[in-house]
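Turn these sequences into a full structure, and let the hints guide you.
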Amino acid sequence: MSVLPLGRSRTDQELRPQQRRNRRRNLRAALLFISPWILGFLVFTLWPVLYSGYLSLTDYDVINDPNFIGLENYGQMLEDPKIRLALWNTFIYTVFSVPVHIIVSLLLAMLLNRVTGRASGFFRTVFYLPKMTPPVAIGILLLLLFNGQNGLVNGVLGWFGIPGPSWTTDPAWIQPGLIIMSLWTLGASTIILLAALQNVPQELYDSARVDGANSWQTTWRITLPMISGSLFFLTIVNTIAAFQTFTEAYTAYFGSGNSTYSNDAALFYAIYLFQQAFEFLHMGYASAMAWLLFVIVLVVTIIQMVVGRRMVYYEGDGNG
Numbered sequence: 001m002s003v004l005p006l007g008r009s010r011t012d013q014e015l016r017p018q019q020r021r022n023r024r025r026n027l028r029a030a031l032l033f034i035s036p037w038i039l040g041f042l043v044f045t046l047w048p049v050l051y052s053g054y055l056s057l058t059d060y061d062v063i064n065d066p067n068f069i070g071l072e073n074y075g076q077m078l079e080d081p082k083i084r085l086a087l088w089n090t091f092i093y094t095v096f097s098v099p100v101h102i103i104v105s106l107l108l109a110m111l112l113n114r115v116t117g118r119a120s121g122f123f124r125t126v127f128y129l130p131k132m133t134p135p136v137a138i139g140i141l142l143l144l145l146f147n148g149q150n151g152l153v154n155g156v157l158g159w160f161g162i163p164g165p166s167w168t169t170d171p172a173w174i175q176p177g178l179i180i181m182s183l184w185t186l187g188a189s190t191i192i193l194l195a196a197l198q199n200v201p202q203e204l205y206d207s208a209r210v211d212g213a214n215s216w217q218t219t220w221r222i223t224l225p226m227i228s229g230s231l232f233f234l235t236i237v238n239t240i241a242a243f244q245t246f247t248e249a250y251t252a253y254f255g256s257g258n259s260t261y262s263n264d265a266a267l268f269y270a271i272y273l274f275q276q277a278f279e280f281l282h283m284g285y286a287s288a289m290a291w292l293l294f295v296i297v298l299v300v301t302i303i304q305m306v307v308g309r310r311m312v313y314y315e316g317d318g319n320g
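Residues in the sequence shown are numbered consecutively from 1, following UniProt numbering.
Derived by calculation from the structure, the hints in this document are not laboratory data.
Here the structure is a predicted model, which means the values were calculated and not measured.
Note that the Cβ used here is the ideal one computed from N, Cα and C, for glycine as well.
Please note that the accuracy of each hint is not assured.
The list that follows gives simulated cross-link-like pairs (lysine to any residue, SDA-like), each with its CA atoms no further than 20 Å apart [said to hold, decoys possible]: (1) K82 <-> L293; (2) K131 <-> T247; (3) K131 <-> L145; (4) K131 <-> F246; (5) K82 <-> E72; (6) K131 <-> I192; (7) K131 <-> T235; (8) K131 <-> L112; (9) K131 <-> A195; (10) K131 <-> I103; (11) K131 <-> V100; (12) K82 <-> L281; (13) K82 <-> A277; (14) K82 <-> G255.
Listed next, with one range per pair, are the computed distances between beta-carbon atoms [stated by the list, open to error]: (15) I38 <-> F91: 29 to 39 Å; (16) R309 <-> T133: 31 to 41 Å; (17) L157 <-> R310: 38 to 48 Å; (18) F91 <-> N64: 28 to 38 Å; (19) Q217 <-> L31: 51 to 61 Å.
Here is the structure:
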């Protein structure tokens, strides 16, 4: 005769194997449902990443078999002046475009937050629609809007007596033009920040007004801390995207095959990587460049995460 532990019925003891079987059945079902994603990740993401790491150690031109050369590709990058130019252009673009993107998105979100009723849905749609524009079309639109001779931007500046610069030919104005044009796709960031603004408790604003706080003080002390999580998320996402900027600049300045003096100002790292891989067929060198970009983005993201822990407010943890 078996003796059951105190406080435990035979029914509980009999249910345990059944519960374990149910858990295993649920696990198998879950793995079955996500197996297409797992297979796609292994075949189309993990394997290419690992294989590119191997190719970065080889001399490979697609036509012939890879020839193992060790770290020569990485050493060559240290001596390549265009690597430094492309990294510098990409860094400058990221440093300026990300804050501008976040600030303009926040201002638009604060304006949309004041709109109520049916107009709110209409304006949210209007602000998001440009995000659906294909990147190639944005590159062509850049040339049309910022043309130094008859572009719309210089035409508008001319109404106020301001002589417009040569946005697409003057190296000093190419990156400002690209940064301004990048605002065309800020609709997604605006909608995310609008949702964050609408989740800020109204009671906090009411209490602040009772204490005599003005609009600037409520924005600085309440709004920004309460939406800091969304701002932090958008900062990381847009930083990663800025480091990989390619299509718009390539379409506007390299897609036609022209090699004018101004192209160096638009030579971003991803563009130079593409040229090495698919124009010069230096696949091994391009793979090494890709891994360098991965390391740079990883380091920048880790720094942002460390800083974000001190500056981002998460509801419920009491930290700000």
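Exercise. Of the numbered hints stated previously, which ones are contradicted by the structure, given in increasing order?
Worked result: none
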